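Quick mapping for you: the protein sequence lines, in order, are chains H and Z. Per the numbering used here, residue -9 is the first one in the first sequence, and the count goes up by one each step. Per the numbering used here, residue 182 is the first one in the second sequence, and the count goes up by one each step.
These are calculated hints, taken from the structure and not from any lab test. Note that the structure is a prediction, hence the values are computed from the model and not measured. Glycine residues also receive a C-beta, built at the ideal position from the N, C-alpha and C atoms. You can take every hint at face value.
Examples of chain Z residues lying across from chain H (beta carbon under 7 Å, computed):
id: 1; residue: Asp375
id: 2; residue: Tyr376
id: 3; residue: Ala379
id: 4; residue: Ala382
id: 5; residue: Ile383
id: 6; residue: Gly384
id: 7; residue: His394
id: 8; residue: Pro397
Pairs of lysine to aspartate or glutamate residues, derived as DMTMM-like cross-links and limited to a Cα-Cα distance of at most 25 Å, are as follows:
id: 9; chain 1: Z; residue 1: Lys372; chain 2: H; residue 2: Glu8
id: 10; chain 1: H; residue 1: Lys25; chain 2: H; residue 2: Asp72
id: 11; chain 1: Z; residue 1: Lys393; chain 2: H; residue 2: Asp142
id: 12; chain 1: Z; residue 1: Lys198; chain 2: H; residue 2: Glu137
id: 13; chain 1: Z; residue 1: Lys372; chain 2: H; residue 2: Asp92
id: 14; chain 1: H; residue 1: Lys195; chain 2: H; residue 2: Glu166
id: 15; chain 1: Z; residue 1: Lys372; chain 2: Z; residue 2: Asp476
id: 16; chain 1: H; residue 1: Lys53; chain 2: Z; residue 2: Glu373
id: 17; chain 1: Z; residue 1: Lys372; chain 2: Z; residue 2: Glu211
id: 18; chain 1: H; residue 1: Lys131; chain 2: H; residue 2: Glu121
id: 19; chain 1: H; residue 1: Lys76; chain 2: Z; residue 2: Asp375
id: 20; chain 1: H; residue 1: Lys26; chain 2: H; residue 2: Glu62
id: 21; chain 1: H; residue 1: Lys53; chain 2: H; residue 2: Asp272
id: 22; chain 1: Z; residue 1: Lys393; chain 2: H; residue 2: Glu128
id: 23; chain 1: Z; residue 1: Lys393; chain 2: H; residue 2: Glu138
id: 24; chain 1: H; residue 1: Lys53; chain 2: Z; residue 2: Glu378
id: 25; chain 1: H; residue 1: Lys193; chain 2: H; residue 2: Glu68
id: 26; chain 1: H; residue 1: Lys119; chain 2: Z; residue 2: Glu378
id: 27; chain 1: Z; residue 1: Lys372; chain 2: H; residue 2: Asp142
id: 28; chain 1: Z; residue 1: Lys393; chain 2: H; residue 2: Glu121
id: 29; chain 1: Z; residue 1: Lys195; chain 2: H; residue 2: Glu138
id: 30; chain 1: H; residue 1: Lys53; chain 2: Z; residue 2: Glu315
id: 31; chain 1: H; residue 1: Lys76; chain 2: Z; residue 2: Glu378
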Amino acid sequence: MGNNDNLLELKNVIVHYETQDGVVEAVNNVSFSLKKGESLGMVGETGAGKTTIALTIMGLLPKPPAHVIRGEIRFKGENLFDKSVKQMRAIRGNDISMIFQDPMTALNPVLTVGDQIAEVVRLHNKMTKAEALDKAKEMLKTVGIPEERVSDYPHQFSGGMKQRVVIAIALACNPELLIADEPTTALDVTIQAQVLQSIKELKEKMGTSLIFITHDFGIVANICEKCAVIYAGEIIEMGTVEQVFRHPSHPYTIGLFESIPKLDGDEERLKPIPGLMSDPMDLPQYCSFYDRCMRRCDSCKNGEPAVVDLGDGHIVKCKLFESNGNAEGGQE
Amino acid sequence: MSKIVTPAIERQMKINKRRPVGYIASPFKEAWRRLARNKTAVAGLIVIAIFIIVAIIAPWITKYDPTAQDYSCTLQPPSAEHIFGTDNYGRDIFSRIVYGARVSLPIGLLCAICSLVTGGVIGIVAAYFGGLFEDIIMRLCDIIQAIPPMLLAIAVLAALGNGIDKMIIANTIALIPLYARISRAAIYTVKENDYIEAGRAIGAGNLRLMFKHMLPNALGPIIVTTTFGVAGCILVVSSLSYLGLGITAPTPEWGSMLSNAREFLTSAPYYIIIPGVMIMITVFAINLFGDGLRDALDPRLK
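Chain Z on its own, in the form it takes in the complex (with noise of 0.2 Å):
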């Protein structure tokens, strides 16, 4: 009988020639392949990475230094010279959007890495031990969390001053309540599987159990978490810029150029739509590229 080929069984075919025999792919392998296919993920993915990469590059894309004053030319709209035009200052505004990225995008990461960590490891073991030391644990990030997270993040720069690595803090206490949460939930889906009764039965002790046998199982919550988190945490580090707090004057950063923006409102309009809409677009196709991870995370869509 000569075999039906169709479309699909011909891209298998192709797909099977270009790995080696006895191919197998690993379960993150396999989201990451699920992950591919999701356009909108895509497209938040290659945003992010322009992003960074402009980031990196900076000082070769940019004719003009970021905190240079030239008073001869302050509120110029858009044009060849100035592509988004110039402040009020005469500081050219591309330059601060590029070197901004350099200061919103890894405190945004940072943050969100931080509170991962921290707030991730008192989840894993509040969950894992459970009983009084989880309440105890999670009574206090019930508190932490009736704060409203920008009012705390407030607060703490106001005990311990400006500063992006105060800003750091601020953010992370303010977050670490919720990743705390978010991992003792994923940890308590997957605590009662057999199989970790199975690695209790082959002798291992709590932190193996805890962190090689439940974490990696328990790991797709958590990394969408993280890249929200990411977002989150861009816009409250804008957010608080625009108040002007945390970091200070001449460093270029998206919130406190919205905040100097403000006065030139009607006169230089570009001057505040520029680092709005690029806030924007960040937290946009950070939030993107988290749905779609969420997709390929999600073994039920398989």
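Bound-form chain H, shown alone (with noise of 0.2 Å):
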């Protein structure tokens, strides 16, 4: 499926951290593709390993203790892993940038906030100091800040601020992808709101592709076209926003979707996912959420479910559909 337009593809990445307790599986055999202008939400629990398929993508997984194992990235047809640290590091903040989630630490303390995204314009960009301040200022008003802030240090701004800086900082440089690490889960909720729509606002006004992390299901309805639901570091359901919220199919986004408070419902209770993750440093053979799933039968214990396509790139991996879908061929 050698698709061109696409701007990324990940193919059967497994990436693993190997510590002195054992062998973390964090993300298993995941694949996916962003086209141009897309974006997309990735969902699951803490610890899922989607913060680790983010840092994959930008090159910045910590190494030891991570191991990329198998796979690669394509972005604009070149595959990342080939890369060298030089031509990573002029692909960084230039190509593909990256919001982290907590802005009152992901500001240098001691540079002002025009320093900070002067530097990156300055890194990318043939400029002088005054060209790149001019830029900063005006990605400053992009974010809505005012322009005579540009001096101020980062402990003078609030955190819905600082967010905004941190993307002025990730979107100075035009990147084509965007990878925003949960970046509303440090603010509280109005100014989520506020940093959502800059969000959305300036990915379509700039064509930015994006890649949003969340454990949210709103915000991924709210600014993504696509959706994937990662569980112990795989994609075992994915498709666009419409398909996955309409249809959920597996038992695990199911059981996600049933766990949200409904306004219209009448039910007393939530019902939240019995059990807890599996260990990744210990996944079993079969399907990882076989000790949580309310559907499970004797068949899911013989060897890893396949992926199927339910129609229109709506996929799941689940031993459920196996039949009843044209099966993907399973693991390779």
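Please dock the two separately framed chains into a single complex, following the hints provided.
So, in structure tokens, the structure goes:
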């Protein structure tokens, strides 16, 4: 499926953390692709491997303990794993940039915000300091911060404004891909809405592709076109937001939707998914969701479930669908 | 509703009037303000400043040449003519003290700066890259630190010969491990911060991450150690001169003056007291300043 209008394509990526206590299987056989201007929401609980996927794309995995075991990441047709350190440095911040989770710690406290925006501009473009500072002012205005504040220090900004500064840094070089790693988790709800609105608007204005990592389905519905549900380092369901939200198919996805409070339902209690995520150091040979699954059957223990296409690219990885869908050959 | 104005608000209004609109204090200006409020630190700073000024204007405030001998008035106690008295060669002790400041202060400062720069760079690079490289560097530091600094300095001086430059080299070598250790520890505290990761995410290289993103955040403890280092160096230089190493005879130096005065402890006590007190005051003032600096740079006390 060599699709050439894919901006980013992950193929069977496997990442392990090799620690003293054992091998953590953080990312298992993750494949997905992203077209230009498209946005993908990655949903999953804490420790599911969402951030590891993001860091793998950025080439920022802490090595050791992290090891890329297999797979390739094609960005504009070129495999990022083949790039040299220097080439990756030129890509980071310029072609791919990242928004970090906590704006309180993502800005350097001893540099003014203007310096920090100008820095990324100057790293990737030949510009004088004054030109870069002008660009910084422009970026601040774009994210809705008065340009006079260009010489302020991070501690003089509120949390929401800091996150906008982080967004300004990430977008300063017009990247083609923006990875947002839970950018609103550390903010309160009203500020969340503002920051999300900025991300959405800027993304549309600049035509940037977006990978949005979160554990909030509401946000995904709001700003993404595609949605991937991650469990224990695997994509267990992926499709357009429409497909996944209208017809959640994997028992885990269904469970996630049932644990969200609804306004129109008359249920008194939420239905949490029982149990905990399997230990990523000791994943079973069969479906990793088996122990918590409400619809498990005996055949679930017979090897890993295959990836099944339910039609129009709505894929799900579960034994229940293996018979009625057209299975894609399962585990390669 | 009328606004309540307390003395604190009045003070702040006065300050605000003096500042241009949109005034922003950088973290270092902020630290300077905190330092200025610390009375003992300011006292230390003033004493240091006086000593530096005296050292600079030495020729204009002394009546006698510090090396001129006058056998008609040896070992005179303090008088109007010689306010600190004279030594056994009839040299004016006040002149020698004043000119001595020209030797002791710059040597202390130079030693501290040389060892700070070399040790600092070693420590930062070691902490940044880690692994085997760090282990080797830090074990080398352990080896050097296992030798008492004084002994190491004596050994280096014995190998290189006497002289001010050799004295600085000896002291620097003895102090490098200390600075390497301090800067390594300081870098470790900021290394894992998100903004370093963020710096990497915008494509910053190793040197930029080390010296633009990490170092300024780790500067506090390094600066403080440097001030204490200056005081320590002055003491070591004086001690070495006292032992007859490093700075040679006619050059006025506080430590060697102490050493000369030893024989006249009973007959001319002022001769040994004055340089001793000078060393003590200098080291004390620098330490006071360093203490204040540490408090001012500690973000937890904001």
